[in-house]
Amino acid sequence: MARTADQQIPFLYRLFFLYIEPIATALGALYSFDFLGLQTQYMSMTHPLSAATALTVRESIILNQLANLYFVFAFNEALVLRATNDVSVWKVFLLGLLIADFGHLYSVHAMGSSIYWQAWTWSSMYWGNLGFVYVGASMRTAFLLGLGFAKGSGKKVKR
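Numbering-wise (UniProt numbering), the sequence shown opens with residue 1 and increments by one.
In case anyone wonders, no lab produced these hints; they're calculated from the structure. All residues carry an ideal CB built from backbone N, CA and C; glycine is no exception. Errors might be hidden in some of the hints.
[Stated by the list, open to error] Pairs of lysine to any residue, SDA-like flavour, derived with a Cα cap of 20 Å:
#, residue 1, residue 2
1, Lys91, Gly103
2, Lys91, Leu147
3, Lys151, Ser88
4, Lys91, Ser124
5, Lys91, Gly146
6, Lys91, Phe73
7, Lys91, Thr40
8, Lys91, Leu145
9, Lys91, Met111
10, Lys91, Phe11
11, Lys91, Asp34
12, Lys151, Asp86
13, Lys151, Leu18
[Said to hold, decoys possible] Pair ranges (Cβ atoms, derived):
#, residue 1, residue 2, range
14, Ala150, Tyr106, 16 to 22 Å
15, Leu36, Val72, 17 to 23 Å
16, Leu36, Trp127, 19 to 25 Å
17, Gln41, Met111, 39 to 45 Å
18, Ser114, Ala150, 19 to 25 Å
19, Asn64, Phe11, 31 to 37 Å
20, Gly146, Gly37, 16 to 22 Å
21, Leu147, Ser124, 27 to 33 Å
Based on the sequences and whatever the hints tell you, model everything.
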């Protein structure tokens, strides 16, 4: 079976995908879980106009589920990618996350289309929900396109 040869993954990708993004994602998870008492703050940062309303049990359950997904995302990215230097594994994994990035971006569409490009209006929540996701999606796209890799590396080899 042919596969992509193991190769040196550029430092910037390793730094971002093994450290920066998993830590940032885990921090988002901590805000979403109810055991730290930050769910109301999380919700008010997401939609300030709704901040006056109390957090419902339903919203708390959904935020706990979101936190769980954030934790599994951070855990998988930090540990699965550390387990291999096989670029084909990284590509499949990062393609899945890139698809999830588009779903994450879609999740705020109810705020109106201007939310996607009016960065000067963003709260810290939207810098995470949009700005950081833009960076992550850009990094994944660059990786999938092979940007930053040595020329001729990653060629197919027979096993």
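We went through each hint and held it up to the structure:
no.	hint	in the structure
1	Lys91 x Gly103	19 Å, holds
2	Lys91 x Leu147	12 Å, holds
3	Lys151 x Ser88	16 Å, holds
4	Lys91 x Ser124	30 Å, violated
5	Lys91 x Gly146	10 Å, holds
6	Lys91 x Phe73	16 Å, holds
7	Lys91 x Thr40	37 Å, violated
8	Lys91 x Leu145	10 Å, holds
9	Lys91 x Met111	32 Å, violated
10	Lys91 x Phe11	16 Å, holds
11	Lys91 x Asp34	34 Å, violated
12	Lys151 x Asp86	16 Å, holds
13	Lys151 x Leu18	23 Å, violated
14	Ala150 x Tyr106: 16 to 22 Å	36 Å, violated
15	Leu36 x Val72: 17 to 23 Å	18 Å, holds
16	Leu36 x Trp127: 19 to 25 Å	20 Å, holds
17	Gln41 x Met111: 39 to 45 Å	18 Å, violated
18	Ser114 x Ala150: 19 to 25 Å	41 Å, violated
19	Asn64 x Phe11: 31 to 37 Å	36 Å, holds
20	Gly146 x Gly37: 16 to 22 Å	45 Å, violated
21	Leu147 x Ser124: 27 to 33 Å	29 Å, holds
Violation of the numbered hints given earlier is confined to hints 4, 7, 9, 11, 13, 14, 17, 18, 20; the remaining hints are satisfied by the structure.
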